[in-house]
Structure formats: structure tokens, C-alpha cells
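Peer 1: Sequence:
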Amino acid sequence: MVLGTCVLSADWDFSRIGKRADELYGLSRDGRERLEEWQRLLHDQADAPEAEQLKAVNRFFNLRLRFRDDIELWRAADYWATPVEALHRGAGDCEDFAIAKYFSLRQLGVPSEKLRITYVKAVRLNQAHMVLTYYPQPTATPLVLDNLIDAIEPANRRSDLVPVYAFNAEGLWLPGSGGGKHVGDSKRLSRWQDLLKKMRAEGFP
Numbered sequence: 001m002v003l004g005t006c007v008l009s010a011d012w013d014f015s016r017i018g019k020r021a022d023e024l025y026g027l028s029r030d031g032r033e034r035l036e037e038w039q040r041l042l043h044d045q046a047d048a049p050e051a052e053q054l055k056a057v058n059r060f061f062n063l064r065l066r067f068r069d070d071i072e073l074w075r076a077a078d079y080w081a082t083p084v085e086a087l088h089r090g091a092g093d094c095e096d097f098a099i100a101k102y103f104s105l106r107q108l109g110v111p112s113e114k115l116r117i118t119y120v121k122a123v124r125l126n127q128a129h130m131v132l133t134y135y136p137q138p139t140a141t142p143l144v145l146d147n148l149i150d151a152i153e154p155a156n157r158r159s160d161l162v163p164v165y166a167f168n169a170e171g172l173w174l175p176g177s178g179g180g181k182h183v184g185d186s187k188r189l190s191r192w193q194d195l196l197k198k199m200r201a202e203g204f205p
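If you count the sequence shown from 1, position 22 lands on 22 in the UniProt record's numbering, and the numbers rise without skipping.
There is no bait here: all hints are sound.
Computed Cβ-Cβ distance ranges for the label pairs, DEER-style:
no.	residue 1	residue 2	range
1	K181	D22	39 to 49 angstroms
2	T139	L24	33 to 43 angstroms
3	R16	N126	35 to 45 angstroms
4	L174	Q127	14 to 24 angstroms
5	T139	E52	18 to 28 angstroms
6	E50	L174	19 to 29 angstroms
7	R29	Q137	36 to 46 angstroms
8	R16	G109	19 to 29 angstroms
9	E33	S177	41 to 51 angstroms
10	E23	E50	29 to 39 angstroms
11	L24	Q193	15 to 25 angstroms
In case anyone wonders, no lab produced these hints; they're calculated from the structure. Glycine residues also receive a C-beta, built at the ideal position from the N, C-alpha and C atoms.
Start from the sequences, fold in the hints, and give me the full structure.
Peer 2: Right under this line is the structure:
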């Protein structure tokens, strides 16, 4: 897979990724086990229908990662962890869940145009939040993959979430009817670019 594009061309070498994780983040038997479970998930779901892939990936990360905020985990106000970092720690905050689900589904072959990492306001919590949204068709109401609840529901049934903007490897969108308004390139997001650099350092092709 070429990070930052919609082209899938290579399997992930989990042996190399695991070794790089040990080198970068320290030895962790629990972390290595979670990486192996992630590898099994991707293997087991490789030929499944997209609806099943969504459920399996959402369930996997909601079960494997504990919610912890960035200050507690990384001593930073806003830190975007790679899936490997999150699984190594066994924890992450909302964007770490969304990012891990995004890359997992992309590796399973879900087209980039169907997936957006979406910033929202969580009304009940009165704070910023991040989810992964899945568009079965370009102008369809998206489904929401969220760490706050395990159920995958259409966005129009999530009145507790108010969309602010969304992005994926190809672009940025503002909320609106018919799939929202495309307003630019995700290269403008410095944390997204930093995330891709970290993933390349971890051994992703």
C-alpha cells in the first residue's frame, strides 16, 4: 500500500512491523500480541463483504483499545498515534480509534472514497470528537464507526454528533448534503502528514 493514496499494491509485513515497533517503542509482549491479533483480523476479513468488515474492524478496536486522552498517554495536548502505537499501548483517544479503523479498512480493500475520518462535536460531552464515516455511495448518508458506542448507525440517527469537517488520503470536506463539499487536500493537515511519516518508519510500504 502506498500511504496517502488510494492504491493498494502490497501486503503489510507484520514481522518487520513488529520488529520496528520493538525498536521504536520498546519491548511489550502485550503489544506484540495485539499486533498479531490485528494481523489475524485482516487475514480473516480479507474476503468478507464490506458490511462484515466494518463490523469486525469496529468491534476489534473498540475492544482492544482503552480510551485514554493524549495528555495521559503522550504528554501532549493533541497527538495522532499510528495504529501500531495505539496497539502497543493498548490505548488511545478518539482520533486513534478512527485512524486505526480507517487504515484497517483501506488495507482490506475498502475504497478511499467510501471512508472519511470525521471531526464532530459530541453534544452530550460538549467536546470535540473524531469518528470514522463510511459512505456506501458518494451521496449516501454515511454510517458512523465510533468508540463511544459499538453499534454502527447512520449519521442521521446520531443527533449527538455535529459534523465539523472530514478528511481522508485524498481530500478535505465540509459538511453538507450529497456527501459534503470538497474543499482541499489533506496535505494541509500537518498531523496527518506526520502520521504517514511515522507509519513509513514503522515499516509500512
